[in-house]
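Visitor: Letter by letter, the chains look like this.
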Amino acid sequence: MPFIPHTEEDVREMLATIGAPDIEALFDEIPTALRCGKLKKLPQAMSEMEVAGLMSARANQDGQPVCFMGAGAYDHHIPAAVWQLASRGEFYTAYTPYQAEASQGTLQVLYEFQSMMAALTGMDVSNASLYDGATALAEAVLMAVRANRKSKSRRILIPRSLHPAYRRVVQTMVGNQNIELVELPFDTAGGHTDPATLAVFDGQDIAALVIPQPNYFGVLEEVDALTDWAHANKALAIAVVNPVALAVLNPPGEWGEQGADICCGEGQPLGAPLSSGGPYFGFMCCTQALVRQMPGRIVGGTRDLEGKVGYTLTLQAREQHIRRSKATSNICTNQGLMATAATIHMALLGSDGLERVAIACHANTQSLTQKLASIAGVEPLFNRPVFHEQVLRLPISADGVLDQLSAMDVLGGLDLSRDYPELGDAILVCATEKRTEPEMDDFQQKLQMILTC
Amino acid sequence: MLIYQQSRTGRRAAAQAPLQKAELSGIPEAFRRKQRADLPEVSEMQAVRHYTRLSQQNFSIDTQFYPLGSCTMKYNPRGCNSLAMLPNLLARHPEAPADHSQGFMACIYELQEMLKEVTGMQAVSLSPAAGAQGEFAGVAMIRAYHDARGDDARTEILVPDAAHGTNPASAVMCGYKVREIPSGADGDVDVEALRKVVGPQTAGIMLTNPSTLGVFDRKIEEIAKLVHEAGGLLYYDGANLNAILGKVRPGDMGFDVIHVNLHKTFSTPHGGGGPGAGPVGVSKRLQPYLPVPMVAHDGERYHWLTEVDCPESIGRLSTFAGNAGVLLRAYIYARMLGGEGMERVAEYSTLNANYMMKRLTDAGFEAAYPDRRATHEFILTLQKQAKQLGVNTMDFAKRLLDYGYHAPTTYFPLLVPECLLIEPTETETREELDGFIDALCSIKQEAEEHPEQVKSAPHNLPVKRLDDVRAARELDLAWKPDNFN
Amino acid sequence: MSEVPNELKYCDSHEWISSVEAGVVTVGITDHAQDQLGDMVFVELPEVGQTFEIKGECAVVESVKAASDIYCPVSGEVVEINEMLADSPELVNDDPYGDGWLFKIRLSNEAELDSLLDADAYQAAIDA
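Taken in order, these protein sequences are the chains called P, U and Z.
So in the numbering used here, the last spot in the first sequence is 457, and the numbers never skip.
So in the numbering used here, the last spot in the second sequence is 608, and the numbers never skip.
So in the numbering used here, the last spot in the third sequence is 173, and the numbers never skip.
These are calculated hints, taken from the structure and not from any lab test.
In silico DMTMM-like links for lysine to aspartate or glutamate, alpha-carbon gap of 25 Å or less:
| # | chain 1 | residue 1 | chain 2 | residue 2 |
| --- | --- | --- | --- | --- |
| 1 | U | Lys587 | P | Glu310 |
| 2 | U | Lys603 | P | Asp356 |
| 3 | P | Lys42 | U | Glu233 |
| 4 | U | Lys239 | U | Asp432 |
| 5 | U | Lys510 | U | Asp494 |
| 6 | Z | Lys149 | Z | Glu125 |
| 7 | U | Lys319 | U | Asp284 |
| 8 | P | Lys44 | P | Glu28 |
| 9 | P | Lys45 | U | Glu233 |
| 10 | P | Lys438 | U | Asp222 |
Chain Z side only, calculated, beta carbon under 7 Å to chain U, not exhaustive:
| # | residue |
| --- | --- |
| 11 | Asp84 |
| 12 | Val86 |
| 13 | Val109 |
Derived CB-CB ranges, DEER-like:
| # | chain 1 | residue 1 | chain 2 | residue 2 | range |
| --- | --- | --- | --- | --- | --- |
| 14 | Z | Leu158 | U | Lys300 | 29 to 39 Å |
| 15 | U | Arg155 | P | Thr456 | 36 to 46 Å |
| 16 | U | Thr429 | P | Thr440 | 31 to 41 Å |
| 17 | U | Thr484 | Z | Val69 | 52 to 62 Å |
| 18 | P | Glu17 | Z | Ala169 | 50 to 60 Å |
| 19 | P | Asp26 | U | Leu537 | 27 to 37 Å |
| 20 | Z | Gly101 | U | Leu537 | 22 to 32 Å |
| 21 | U | His420 | P | Glu426 | 27 to 37 Å |
Note that the Cβ used here is the ideal one computed from N, Cα and C, for glycine as well.
When you get a sec, could you build the whole thing from the sequences and use the hints?
Guide: Below, the structure is given as structure tokens:
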């Protein structure tokens with residue numbers, strides 16, 4: 005029996021101990037009328053070898069095209085050690101560290117994770133992960149509404165330059181709590197949120213302003229001015245950032261005069277494979293003053309009976325298992341293993357390594373932009389600085405072009421017409437540190453061929 | 124020692140980043156970071172050694188029996204891990220076009236279909252990232268259903284007192300008030316109490332069956348009828364699905380919406396706190412509201428169902444399609460079990476739990492519900508030991524760690540005083556169960572003869588009992604260089 | 046045995062109320078309550094100037110394993126809060142009727158005091 009170790013003798017003796025005639029008798033409290041009988045639509049069991057054949061065939065079917073796609077998930081190199089270590093059974097098969105003394109490995113890793121995230125974002129404290137970047141933002145919005153006692157409005161300003169899926173997830177998750185999400189337009193020349201457009205909200209009651217850096221288009225926002233505007237209007241500033249970009253960009257803790265209040269984002273670029281969109285992890289950091297409003301697990305340092313340093317889950321009175329209906333969030337299971345991988349990833353890269361990765365991504369995207377823009381009819385749509393993504397205008401409809409590239413094993417970027425029809429025939433491209441000059445030249449040649457056909 | 128304390132300025136794992144440092148030509152100075160982030164600077168070997176050593180300070184299923192009640196800590200097959208990590212699967216971008224996705228989507232589609240069959244529901248969406256997000260999605264669908272009918276007087280969700288804390292917290296996130304329903308002395312929901320509070324203000328009830336009290340609620344049909352007649356819907360928390368897999372289906376019990384914890388019943392790893400996956404299933408009337416995306420099959424090809432195809436959907440719960448890698452592991456597990464294997468999960472997890480309960484009560488421990496069958500888990504209450512010997516459940520739990528067993532769930536559910544919720548799962552051998560039973564008996568004897576030894580446990584772990592009051596009063600949540608200077 | 050001073054009044058939700066001075070009473074939690082909750086790690090107090098109805102949720106006391114709402118025993122406006130609790134929540138454990146007080150409130154309806162329990166009645170309630 006797959007994964008069940010019982011011998012016939014075991015079963016006989018265990019039933020005798022229980023005093024039951026057979027295993028079926030153990031289900032005698034379930035009303036007979038409810039029993040389901042054989043489940044005929046389930047397939048027959050397969051051996052590991054057979055499933056391996058099936059999975060290999062399916063994986064081969066999907067191939068491995070060269071990836072110039074970003075849009076919230078990035079194709080970075082992950083050091084071999086990261087998943088060899090994170091897949092160790094002691095990390096992989098442990099539960100949430102409720103018994104702290106038997107979970108010091110996980111707890112110390114999470115404490116190191118919190119330390120690294122705080123350092124990277126320039127914030128005081130971090131939690132131990134949320135599901136992904138989009139849900140982290142939804143939680144940040146709920147947190148801001150709870151924490152901002154000066155505001156009664158429950159109004160949140162969200163730029164249209166923020167990832168469209170993030171905006172949808174926030175709508176789903178906060179939509180039933182009387183929170184009003186107000187969309188801010190982006191500047192059509194720069195692709196950024198012009199701080200001057202906020203003037204219409206001057207003096208109004210706003211709970212928080214969301215500030216992406218870089219934004220969905222890869223464009224850098226005027227984060228200092230936006231943060232200062234929020235604080236001048238008694239709103240909290242919520243930063244949504246790419247953690248790799250923070251190796252070179254000013255961290256949210258230093259935005260404007262006072263810094264952002266809450267910082268969240270997608271942790272995938274730190275050691276999580278693309279893996280069809282998950283598991284990734286959301287991160288959330290904040291100022292010390294807001295720590296009791298933070299959702300999710302938090303690990304703290306303490307001492308044992310003999311004064312030795314140790315780690316434990318702390319501030320648990322915020323959480324659902326204690327506070328129930330008054331908890332800061334319903335989150336229980338988070339993305340612990342992804343945070344573990346991210347910790348190892350950051351330890352292996354260090355600030356110098358992460359900076360090299362960030363710079364290489366930026367340089368490759370600059371280079372790719374130049375190559376592609378040399379094709380007639382292809383040009384960058386926005387004139388502002390970008391990190392590692394670029395919006396390009398195409399002379400013809402994007403989806404046909406991308407389909408043809410895909411057939412030639414190149415993921416040539418994302419068609420923006422779905423979410424931004426106002427941009428016309430535009431694609432969002434990305435070249436991480438993994439993309440080579442030959443790959444970029446190949447992309448250029450194939451695109452040129454398609455466009456001149 | 125922290126990785127930070129091993130850091131030396133200028134040391135690097137040089138093979139792990141681009142060797143040539145390019146120019147940051149396109150980013151004006153004003154946007155740039157002024158000071159480097161304080162990340163550790165260590166060699167590759169230092170990092171490998173450090174995290175290997177840390178891993179060795181964990182209990183895990185791979186190293187210990189881990190009978191944590193309501194968490195289903197069964198063996199996580201290695202094949203599920205390695206096959207879900209085939210290079211092409213890891214490299215697949217979530218926005219990859221359909222022609223580079225058919226293999227992946229086939230797995231997702233077939234998992235949807237298998238979950239429909241095993242839960243008896245009409246349709247399934249795999250996108251929730253964990254049980255709590257599944258609960259949120261489920262209650263949000265209940266709300267969408269009532270809203271669509273203009274039935275806006277329904278403001279309350281009913282939740283039994285034994286429920287997981289996530290239930291009331293999820294209901295509140297959907298804008299509902301929570302009303303608690305007491306459990307009867309036999310562990311079943313108190314139907315008379317339910318009758319008094321159910322009414323036109325009831326949006327729905329959230330139930331776990333078997334409940335967290337380790338018993339199957341025998342009055343489930345009556346409860347379903349009561350709530351349905353009042354116009355409310357029934358939500359099934361799948362935390363304990365392992366106990367009834369292939370025996371009785373939530374859909375047949377009358378539930379309208381369910382979630383399944385794949386990281387429990389379908390054996391995906393817990394990873395020290397996640398990731399999990401909490402797919403939701405619904406009856407026909409809730410189908411329009413399922414969260415997107417989902418995979419559909421037109422007889423020839425697989426394609427995604429999005430907001431465009433499902434305009435009444437409650438929407439999107441993650442940036443892409445949820446925890447895909449977890450879904451693949453569950454899919455692989457389900458294929459290795461097949462239909463018969465799934466029935467055996469319920470059979471042998473129940474056999475193991477009843478065997479343990481019988482042996483432990485024979486040895487003088489008190490079961491919380493001695494007249495009931497155990498399901499895949501059961502509760503002991505150590506009230507007597509706490510009162511007479513001053514040795515409480517926490518002390519027993521910590522001492523078990525010394526014996527090399529992870530402790531069962533303690534002090535949950537909240538309504539049984541000094542409780543241990545024990546869930547052995549089907550993958551444990553009888554010898555392992557016997558060893559654990561012997562350890563508990565031996566601790567009981569220690570508690571009688573040398574209570575201090577139990578009260579000061581653990582003794583054999585990397586740290587002694589930790590001061591969690593200090594952790595909460597003197598918050599230390601991130602390493603600062605001056606902490607250690 | 047927990048202490049129940051005679052000169053105070055009580056609620057069955059375990060708050061104590063001092064006698065009235067210039068229309069103001071002091072509110073805290075009882076010795077019994079702090080004993081049940083265990084070591085305090087945080088006290089969330091109302092803001093000075095906030096007004097509450099009788100039985101309104103006005104504060105939260107947190108131990109490691111529990112968080113309890115404090116219900117305002119009388120209606121009125123908060124005039125002072127115990128600032129020391131921000132850094133020293135343990136005062137609620139060490140001296141619940143003294144330095145561990147929570148806040149002072151100006152009564153808007155003195156008649157409400159009549160509905161409170163005296164020491165004997167509260168003692169009987171916690172013995173039950």
